[in-house]
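Residue numbers (my numbering), protein chains in the order written: chain A, 1 to 414; chain B, 1 to 760.
Worth flagging that the hints you see were computed from the coordinates, not collected in a lab. All of these numbers come straight from a predicted model, not from anything done at the bench. Worth double-checking, as some hints may not be accurate.
Stated by the list, open to error - In silico DSBU-like links for lysine-lysine, alpha-carbon gap of 30 angstroms or less:
id: 1; chain 1: A; residue 1: Lys-341; chain 2: A; residue 2: Lys-373
id: 2; chain 1: A; residue 1: Lys-197; chain 2: A; residue 2: Lys-163
id: 3; chain 1: B; residue 1: Lys-471; chain 2: A; residue 2: Lys-38
id: 4; chain 1: A; residue 1: Lys-109; chain 2: B; residue 2: Lys-115
id: 5; chain 1: B; residue 1: Lys-471; chain 2: A; residue 2: Lys-149
id: 6; chain 1: B; residue 1: Lys-177; chain 2: A; residue 2: Lys-109
id: 7; chain 1: A; residue 1: Lys-183; chain 2: B; residue 2: Lys-115
What the hints assert, rightly or not - Label-pair ranges, simulated between beta-carbon atoms:
id: 8; chain 1: A; residue 1: Thr-97; chain 2: B; residue 2: Val-76; range: 54 to 62 angstroms
id: 9; chain 1: A; residue 1: Ile-232; chain 2: B; residue 2: Glu-134; range: 32 to 40 angstroms
id: 10; chain 1: B; residue 1: Gly-57; chain 2: A; residue 2: Leu-293; range: 53 to 61 angstroms
id: 11; chain 1: A; residue 1: Arg-328; chain 2: B; residue 2: Glu-135; range: 35 to 43 angstroms
id: 12; chain 1: B; residue 1: Gln-60; chain 2: A; residue 2: Asp-50; range: 58 to 66 angstroms
Note that the Cβ used here is the ideal one computed from N, Cα and C, for glycine as well.
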Amino acid sequence: MSYENKILQMKKMLGKKTETKQEKPAFIKPDVPNYIGKWQQAGLTLVENDFGVLFKRVVTYPLTYRHGHYELQELFDAIGLWEQSEEHPYAVTSDETLVFFDTETTGLKGVGTHIFLLGFLETDGEEFTLTQYVLADPSNEAALLFESKLWQRTATIVSYNGKSFDWPQLETRWTLNQAYIPKLRQQKQIDLLHSTKRLWKNDLGKMKLTTIEQEKLGFQRVGDIPGFLAPIIYLDAVKSGQADALMKVLHHNEWDLLSLVTLYIHSTQLLFQKEISDSAITYTNIGKWYNDLKQKNTGINVLTTVTEHFDITDTGLAHFYLAMEQKRACQYEQAAKSLIKALPAIDIPFQIRAYEQLAIIAEHHLRDYEEAKVYTQTGLQLISSHEKWSSLQKEKQFSKWEKRLHRITNKLNK
Amino acid sequence: MFSKKKSISELLQAWQYDEELKENIVHWHTLDGKAAEYEPFPEELHPSLKSALQKRGIEQLYTHQREAFDKAVRGVSFTAITPTASGKSLCYHLPVLQEIINNKSSRAIYLFPTKALAQDQKTDLNELIEATGEEILSYTYDGDTAPGIRTKIRKAGHIIMTNPDMLHSGILPHHTKWVSLFENLKYIVIDELHTYKGVFGSHVAHVIRRLKRICAFYGSNPIFICTSATIKNPKELAETLTNEKHELIAKSGAPIGKKTFIFYNPPIVNTTFGVRRSAVLEVRDLSKRLFEAGIQTIIFAKSRVRVEMLVTYLKSLTAKKIQDESIQGYRGGYLPSERRAIEKGLRDGSIQMVVSTNALELGVDIGQLQACIMTGYPGNIASAWQQAGRAGRRQDEALIIYVAQSTALDQYIVNHPTYFFGTHPEEARINPDNIIILMDHLKCAAFELPFSMTDTYGEFTVQELLAYLEKEGVLVKTSTQWHWMSDRFPAHEISLRSAAQENVVIIDMTLPQNKVIGEMDTYSAMTLLHEEAIYMHQGTQFQVEELDWEEKKAYVREVEVDYFTDANLAVELKVLSEDKSAEYKSATVSYGDVGLLAIPTIFKKIRFNTHDNIGSGPISIPPMEMHTSATWVSFDMPENWSEEQLTDALNGAAYAMGSFIPLFLHCDRSDLSVVPQVKAVHNDRPTIFIYDSYPGGIGLSERIYDILLSLLERTIEHVENCPCKSGCPSCIGAQDSLGDSKKQVLKVLTILKDEMEWLP
Chain A
1 MSYENKILQM KKMLGKKTET KQEKPAFIKP DVPNYIGKWQ QAGLTLVEND
51 FGVLFKRVVT YPLTYRHGHY ELQELFDAIG LWEQSEEHPY AVTSDETLVF
101 FDTETTGLKG VGTHIFLLGF LETDGEEFTL TQYVLADPSN EAALLFESKL
151 WQRTATIVSY NGKSFDWPQL ETRWTLNQAY IPKLRQQKQI DLLHSTKRLW
201 KNDLGKMKLT TIEQEKLGFQ RVGDIPGFLA PIIYLDAVKS GQADALMKVL
251 HHNEWDLLSL VTLYIHSTQL LFQKEISDSA ITYTNIGKWY NDLKQKNTGI
301 NVLTTVTEHF DITDTGLAHF YLAMEQKRAC QYEQAAKSLI KALPAIDIPF
351 QIRAYEQLAI IAEHHLRDYE EAKVYTQTGL QLISSHEKWS SLQKEKQFSK
401 WEKRLHRITN KLNK
Chain B
1 MFSKKKSISE LLQAWQYDEE LKENIVHWHT LDGKAAEYEP FPEELHPSLK
51 SALQKRGIEQ LYTHQREAFD KAVRGVSFTA ITPTASGKSL CYHLPVLQEI
101 INNKSSRAIY LFPTKALAQD QKTDLNELIE ATGEEILSYT YDGDTAPGIR
151 TKIRKAGHII MTNPDMLHSG ILPHHTKWVS LFENLKYIVI DELHTYKGVF
201 GSHVAHVIRR LKRICAFYGS NPIFICTSAT IKNPKELAET LTNEKHELIA
251 KSGAPIGKKT FIFYNPPIVN TTFGVRRSAV LEVRDLSKRL FEAGIQTIIF
301 AKSRVRVEML VTYLKSLTAK KIQDESIQGY RGGYLPSERR AIEKGLRDGS
351 IQMVVSTNAL ELGVDIGQLQ ACIMTGYPGN IASAWQQAGR AGRRQDEALI
401 IYVAQSTALD QYIVNHPTYF FGTHPEEARI NPDNIIILMD HLKCAAFELP
451 FSMTDTYGEF TVQELLAYLE KEGVLVKTST QWHWMSDRFP AHEISLRSAA
501 QENVVIIDMT LPQNKVIGEM DTYSAMTLLH EEAIYMHQGT QFQVEELDWE
551 EKKAYVREVE VDYFTDANLA VELKVLSEDK SAEYKSATVS YGDVGLLAIP
601 TIFKKIRFNT HDNIGSGPIS IPPMEMHTSA TWVSFDMPEN WSEEQLTDAL
651 NGAAYAMGSF IPLFLHCDRS DLSVVPQVKA VHNDRPTIFI YDSYPGGIGL
701 SERIYDILLS LLERTIEHVE NCPCKSGCPS CIGAQDSLGD SKKQVLKVLT
751 ILKDEMEWLP
């Protein structure tokens, strides 16, 4: 390539660079909506910043404020417990600023879903403070986001499904306003939906926060609006200027946040087994969770406690999970015993898994082929009589089990 | 029988003296080959790209590839006409890769009409990228993409290969997750442009307008590169689809081997009713000859059922060999792994014969075969040439056999080779102005980004439409903007593949666990999913046991019966507004909006093969209303005709005209409907309505308004030349009795033609 050509090429690249470098569009401050007076009357405070206006509501609670079973200040005990614990996704230290966070939105997903309420609940050690920021109208969005200070401060965000919903949604809103406001900071996230699922799997049918409140946290809402009405209520408030119903959404959000605090306290206490206060299923779930986190000692302890503490009809799964740990630790005979204890109290798919484990232990470790054969045959019978599986699922299982049966029979005939 | 391998020319020579064959061959046509035309690599082509090409044995570019590169570098959007096997993918790969190598933050979107095509192209592109040694990430992004790698694709993918449906509902409504793509989008590649026509194309035109709107928000202004099969109006289609000026690359530099076309018309077995031998059986016999001569062949059939039939027939050729895989079927509904294996078998030659639906018409890489058989005319010239293009290895001689069916369109084509070889492929029309489609996408656009009080959308001014949407309660107006404000997700309510807003879900109850096996637009469902209807899905018969019209669900169960069902739809038409009109002596041709009331009446059970009517029943589905656009022609009742005579003649005329519409417009037979009325409601005169089969219209009937005269001429000519005595499925439709209906139909058509030729 000739020298001139090279220079020409560089010139073109130079051109591209300047082309991609774009001037930030100047921000035009949107007009103030005409209903601010009415919203103020309803109990909201008007806030104005460089990007427009928004509304705010602040509520403080004394440390002794009781919400259901717990006083808010029990949060400090919970943090204390975590400070002395092994690694855990829910562990925090007293150096962190815990901010309980929940939003209300106009939809479930996509760029067309607005966040119209950002709710924060936190404590300075003296009292608890709820701060709610309300979108004045969609044109004043930058003002709302800017005011949340989430671009500035560092906090540990505690939420309910926030990791996959509220926070990504916030990121979306932020991206749309990226030309004007500073970047959103990445914050540490603790999502209590995750722990709730681990704790109460097979125990609670629905993992809705209101269900948890009633079943586990001792709180019953009175006069709450159902969450799915929130979008329509906000739309109406913007269109009509009437904010009375909107205030109910704010109360709904307030309850959500208070319950997040007590849920965190409650889950922590369960995980540290302060006292046996929940069902065998819950503690079995806790034991399995510790096992999955590779904190085997704690896991085995919890499961053993379950088997000692509850009636045999409720401890099937605890025995099953204990057996899996015992097998991993090469304690085959104990594992087999635990499995046999588990059998009468577990459902069919687990029974099938238990017979599979028994067959494996008998065949490969205890080398008792007769017994292995019996377990395998029982397993096969269970599979064929199990009604909830499709024929395809059964087919798959059959081919696996028949192979095993064939191999064991061969070994017996040798 | 002893068989031996033959070359195409040896085979053709033998056929020249085959009396049996010769009788049915209506036309031989040879297209001479053409040598390749080359240009050197462009100066600025990046060295790593150059070496990647050289590794593939490419030392220079075909002229069209070079032209494409130069235009792209100049920053011009363009459309290239690319016949099969002309190396079209380099038309876009080269400029795109060049850009990304020079600037690693650059991004490109490749749009393919289907998921499968995107996945095919991925392999090809990745091989090229690997040969460059550059780190360029290309991914397919569709419903099959694992959730685990989606984040990576969004952030780091240089080239995103996807389809319009995914763009519509999976990418655009979530554009904030794709910031790095939209901020740096340099190229949008639209492959198989010609497939974006009719309702689907009109939808995609809006998806692209939305895409461009989002690009503008993030400050990018991408260049469009389109590639298309031969159609009449590629530049116009590309410009309407993308709302952007395009330059056209019309001439391909790729070499073409000599091609011999044989037009084969099955013999007439019943002269009176004009019944010909089944095309499928003829294809079976011809395929057998090609198979025995060892010629690698692709056979196109129009439906999945026909593919399966032919495969079954042909497999008997190899039945005596164990594990012989040399004959295969290929169609939608096969597993991706099965399809990949067949494609590979075709490339390496282990498969000698493949029977396919038009699934293999598009750019799936199967290499080039020696011969192609078309079972029936695929419906339009562009498809026919795409199918024919599958035969012909570079410089080798190729054989294309077209076996005509007995439909009017097929019989016209087989008897008018000049039409086929003439230079006028069909037009592909789309209509982004369709207000229903426009409103659908305006909602999506408002969901994606707010509109200001001065914003336009594409070429449309939309402030009044936005005000309407505010009244509907999905938008809210602030001091400066219109914002989406509803918990609905509009993209999920809008399917690109149909303009009807609601679909009927088809649920299979054969197994205890009910399974959704498909969807159908409500209009078609009226005649295809009524209770007791036999619904065919992937060659399996299902009977509709229950149709829940309120909930739009059809419950079906697998059955094995020897009949199919055929339902009647009574249509009432009402003229709502007349936009254009031409007065003749005693006839009027008009174009405008019509209201249509479709009332399903009865269905018949018809036995396979014999087509005996073996039963019937009522259909209880409420009538359906639809607004669409139509062209209609009214005339005075001819003297001395009874109403009954006129009804028959009009029905025949409508049948004949309807068959020819795909010849003029690049559209499916079902995109337009032709309905005659002896006494139209609005003027009491005999009238033939030709209307768009989709709510709101897609611009096809408006074209008919302009070309009605030539449509009539062509129809008359064909009906006159049809060898049948009194009407047959090839001209005016099957007739119950031997009357003079053919004459009557011609009379009506001629009256209309004469009227229109008369100049005031």
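Okay, the hints, checked on the actual structure:
no.	hint	in the structure
1	Lys-341/A x Lys-373/A	holds, 20 angstroms
2	Lys-197/A x Lys-163/A	holds, 14 angstroms
3	Lys-471/B x Lys-38/A	holds, 23 angstroms
4	Lys-109/A x Lys-115/B	holds, 24 angstroms
5	Lys-471/B x Lys-149/A	violated, 36 angstroms
6	Lys-177/B x Lys-109/A	holds, 12 angstroms
7	Lys-183/A x Lys-115/B	violated, 36 angstroms
8	Thr-97/A x Val-76/B: 54 to 62 angstroms	holds, 55 angstroms
9	Ile-232/A x Glu-134/B: 32 to 40 angstroms	violated, 52 angstroms
10	Gly-57/B x Leu-293/A: 53 to 61 angstroms	holds, 56 angstroms
11	Arg-328/A x Glu-135/B: 35 to 43 angstroms	holds, 42 angstroms
12	Gln-60/B x Asp-50/A: 58 to 66 angstroms	holds, 60 angstroms
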